[in-house]
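Engineer: So you can see what is in the structure, the chains are spelled out below.
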Amino acid sequence: MTENGSYRVVVAEDSFLIREGLRAALEQQGDEIEVLEYCSDLPTLLRAVEQHRPDVVITDIRMPPTNTNEGIQAATTLRASDPDIGVVVISQYVTPHYALALFEEGSGGRAYLLKEHIGHRIQLVGVIREVAEGGSVVDPKVVDVLVEARMRAKNSQLAKLTPREREVLAGVAAGKSNSAVAASLFMTRRAVEKNINAIFSKLGLRDETEVSRRVRAALLYLAEQNFESDLPED
Amino acid sequence: MNRVFRNRPYDEEREIHGAAFGAAPGRSDLVVGLAAVAAVAVVAVVAEGGAASDPAAFTAVLAANVATFVVAGLLWRNSRPSSLIGPLLLVEGLLVAVSALAGSRGPVPHLVGVIAGWAATLGVAWLVVAFPRARPRGAAWGVLSLASAAFVCGELPLLLTSSRIPLGVPVGECAGACPTNPVWLVHSPGAERMLVHVEAMLEALSAASLVAYMVLHFMQSSRPRRRTLALLYGAMVPLAITFAVTSIVSGVAGAHVGSAGQAALVATQIIAPLGFVGALLYARSYAAEALGYLSTRLVGEPSLATVEHLVRSVLDDPLARLVFWLPVARKFVDRHGRQVKPDASAEDVSWWSLPQDGNPTLAIVHDSVLAEDPELLEAVGVATTLALENRRLHHDLVDTVQALHASQKRLVSAASEERRRLERDLHDGAQQKLVALRIRIDLARNRDPEAAPAFSSALGAIGVDLDDALHDLRSLAHGIFPPLLADEGLDAALREAARRSAAPVSVSIDVPGRLSPECETAVYYCCLEALQNVAKHAGEDAAATLRLCKDQRAVRFSVVDDGSGFVQDRDKGNVGLTNMADRIGAVGGSLTVRSSPGEGTRVEGRIPLASAGFVQDSRVAHPVR
Chain A
1 MTENGSYRVV VAEDSFLIRE GLRAALEQQG DEIEVLEYCS DLPTLLRAVE QHRPDVVITD
61 IRMPPTNTNE GIQAATTLRA SDPDIGVVVI SQYVTPHYAL ALFEEGSGGR AYLLKEHIGH
121 RIQLVGVIRE VAEGGSVVDP KVVDVLVEAR MRAKNSQLAK LTPREREVLA GVAAGKSNSA
181 VAASLFMTRR AVEKNINAIF SKLGLRDETE VSRRVRAALL YLAEQNFESD LPED
Chain B
1 MNRVFRNRPY DEEREIHGAA FGAAPGRSDL VVGLAAVAAV AVVAVVAEGG AASDPAAFTA
61 VLAANVATFV VAGLLWRNSR PSSLIGPLLL VEGLLVAVSA LAGSRGPVPH LVGVIAGWAA
121 TLGVAWLVVA FPRARPRGAA WGVLSLASAA FVCGELPLLL TSSRIPLGVP VGECAGACPT
181 NPVWLVHSPG AERMLVHVEA MLEALSAASL VAYMVLHFMQ SSRPRRRTLA LLYGAMVPLA
241 ITFAVTSIVS GVAGAHVGSA GQAALVATQI IAPLGFVGAL LYARSYAAEA LGYLSTRLVG
301 EPSLATVEHL VRSVLDDPLA RLVFWLPVAR KFVDRHGRQV KPDASAEDVS WWSLPQDGNP
361 TLAIVHDSVL AEDPELLEAV GVATTLALEN RRLHHDLVDT VQALHASQKR LVSAASEERR
421 RLERDLHDGA QQKLVALRIR IDLARNRDPE AAPAFSSALG AIGVDLDDAL HDLRSLAHGI
481 FPPLLADEGL DAALREAARR SAAPVSVSID VPGRLSPECE TAVYYCCLEA LQNVAKHAGE
541 DAAATLRLCK DQRAVRFSVV DDGSGFVQDR DKGNVGLTNM ADRIGAVGGS LTVRSSPGEG
601 TRVEGRIPLA SAGFVQDSRV AHPVR
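Here the protein sequences line up with chains A and B, keeping their order. FYI, the working numbering numbers position 85 of the first sequence as 85, with every residue one higher than the one before it. FYI, the working numbering numbers position 180 of the second sequence as 180, with every residue one higher than the one before it.
Because the hints were derived from the structure by calculation, they are not lab data. Please read these numbers as outputs of a predicted model, since none were measured by experiment. One or more of the hints may lead you astray.
[Stated by the list, open to error] Dumping the calculated DSS-like pairs for lysine-lysine here, alpha-carbon to alpha-carbon at most 25 Å:
(1) A:K160 - A:K194
(2) B:K550 - B:K409
(3) A:K141 - A:K202
(4) A:K202 - B:K409
(5) A:K202 - A:K160
(6) A:K160 - B:K536
(7) A:K141 - B:K433
(8) A:K141 - A:K160
(9) B:K331 - B:K341
Chain A on its own, in the form it takes in the complex (with noise of 0.2 Å):
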């Protein structure tokens, strides 16, 4: 962060289109936002974030060389080399998939976020700072695909959790670490463990890692959430 408070940015996009789009939403921000470069592909990129030293990298998720999946070869990258810097990714798949995926490695400082949203001034704004302070955002939209199949199955999962456990899966999808979680709801640690395994378990997740246990259970806290308020800021 610069001394006025202001965010350094480094964008990649290839796309001419959403570029300009890009650009132009990221003026709107006025002086909290400072885009040091504008980059096209995964080695430009890479120079870019190493001259800069930027607080956060917004890149579209598939780009040249390969136009697979270099936004998040990005912050696979950056996790290793630079941890404090956010990266947000930014998409047109709605797939969970590639949310997942951004989140293998960790989901502090990352968001996905989709290309539709970029204009919404609150919202970027919002993403951007939150992976700044190493905070995660998974775009509603995504959570709402993965919830879509549950919700149209008789029962949401969701439904077999206790109020207890509803409250502790809140905190851990609002990126809380379990000491937080249990600060937050004056309950001891081993308890909130205990619920923590109880949701798992209830959710169907006990065979995947640790990591994308929890952000699933987030997502798909997330997308009850995101039912019962409707979208939020409009």
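Using the hints, position chain B against chain A.
Structural biologist: Here is chain B on its own, set in the frame of chain A:
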């Protein structure tokens, strides 16, 4: 010239029957038969009122002789219409019938009958030495010359100097009341006695030379020809020997032949024409045997060398060759592809060819002797043609099936590629433009939300509509082809499908790499269909397990649920299940679906590694462009 190159239309019914079963008796056969009966009746009438010492025996012998010649002649004419042997045998029968006039009391009919008898005897000799072609060659002419000389120098002078006409058939000897000789010109008992001796010696010599000819000719003949000659010579040699012996006994020694000698002569005379019948039947049965032999050995897919070897052994002709007609090049080639021309000048080689639709298909170049065995050639040619035709049909079938499969695979591959391209076009084109538009609408609203609330809320409404349009477009693109499948492969795509499934699905995937795009697509859609079936049909509480793994031989996948199951009806089939099986089948795999009420449903598929296009390393992606 002995080349046999028949080119007959093959669709005539008569030809087919003629080739397979021998011709049915026709009207002309009836005429010949009636003529034979009439001739025998004449013999009977003549004998009854004639001069024969034993009219009953005379009638019986001549009738039997006529009958055997007529039967043999008819058989030959029907079996081998192109051969002269049949008509000659019929003429022979006629001559024998006419020779019955020798039993008449009238001098002139008596003379005519005697001459007909001589002609009949000469005719038999001709038939024997000329057989089976009806055209004598080489030494045969010598035998015939000798026999003719016997008549010219023996019988004819005797006729002019004898008061009694010498008769060929001993049983027809007149008893006392012989008619006078109308051409008795020279009255010289001395000359007559001498001529009787000369005539008998010449006759015996002719008969002996005929025997010698048959023995020598048989010994010099190749095996196929011996087969043809054996039965005829077997019947003719006894006749010739008996004839020679009786001639010497009665003519040279002046002794009486006696009833035993007469009986032997009569018996051999009656049996002799049956030699022709025997030769024909033997040829036919040998051909049938050859056909059976070839039929059992030409099954499967014999090589051309094997076929030729079999043909050689059946024809007994170690130099026989198969030649094949190439319709486009319009030439014959042997099995090595060398051109073979029908050579009209070759003396010892003949051709036999089987025409089909007016064109030759196959020819056998063979020892010209075999041309005398048309039944055998026909049998061998037809069996060989059938075998080669089967071989060709088999190859055609295999080619067609392979071509069909390759084309199916190309279609599937092209369809899969086309869907990926379409998805990518939607993603990079329309979808991206809508996304950019959505951004610009938000940006416009952001600029000054307070200035014109109505304008701002109108923009908001447009934005919501745009979101709907984007949602629809995404569903469409995803339905056309899931980008995840192209980008990351089956593992990611199937896990995603399981996540989105309405029924709980546990996933176990262990395939360390990528398959060919068309195989991945086939497996993906097959599993997707199975998961959708679980959600739709298996019941509320059903859960499914999706497995995908690879072993040494195949990539295997399964979707198993614990739901309500269904009754499998093989006859009805199920469109969805059939589509699944078709998809997997098109990439060279197989699919089985097993279900029964209350037992859940088990969908299992496998694609052999050879067809799966497996590539190690999960990082390998399939770039679209």
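Engineer: Now tell me if each hint is right for this structure.
Structural biologist: For each hint, the structure was consulted:
Proposed proximity of K160 (chain A) and K194 (chain A) is supported: the alpha carbons are some 16 Å apart, at most 25 Å. For the hint linking K550 (chain B) to K409 (chain B), the alpha-carbon distance of about 22 Å falls within 25 Å, and the restraint holds. Restraint check for K141 (chain A) and K202 (chain A): satisfied, since their Cα atoms lie roughly 24 Å apart, inside the 25 Å limit. Our distance criterion of 25 Å between C-alpha atoms is broken by K202 (chain A) and K409 (chain B), whose separation comes to about 44 Å.
In summary, the hint linking K202 (chain A) to K160 (chain A) is supported, as the alpha carbons are separated by about 7 Å, within the 25 Å threshold. Distance hint between K160 (chain A) and K536 (chain B) is fulfilled; the C-alpha atoms sit about 22 Å from each other, no more than 25 Å. Restraint check: the Cα-Cα separation between K141 (chain A) and K433 (chain B) comes to about 19 Å, which is no more than 25 Å; the hinted pair holds. With a C-alpha separation of about 23 Å, the suggested pair K141 (chain A) and K160 (chain A) falls inside the 25 Å cut-off, and the hint holds.
With a CA separation close to 8 Å, the supplied pair K331 (chain B) and K341 (chain B) stays within the 25 Å bound.
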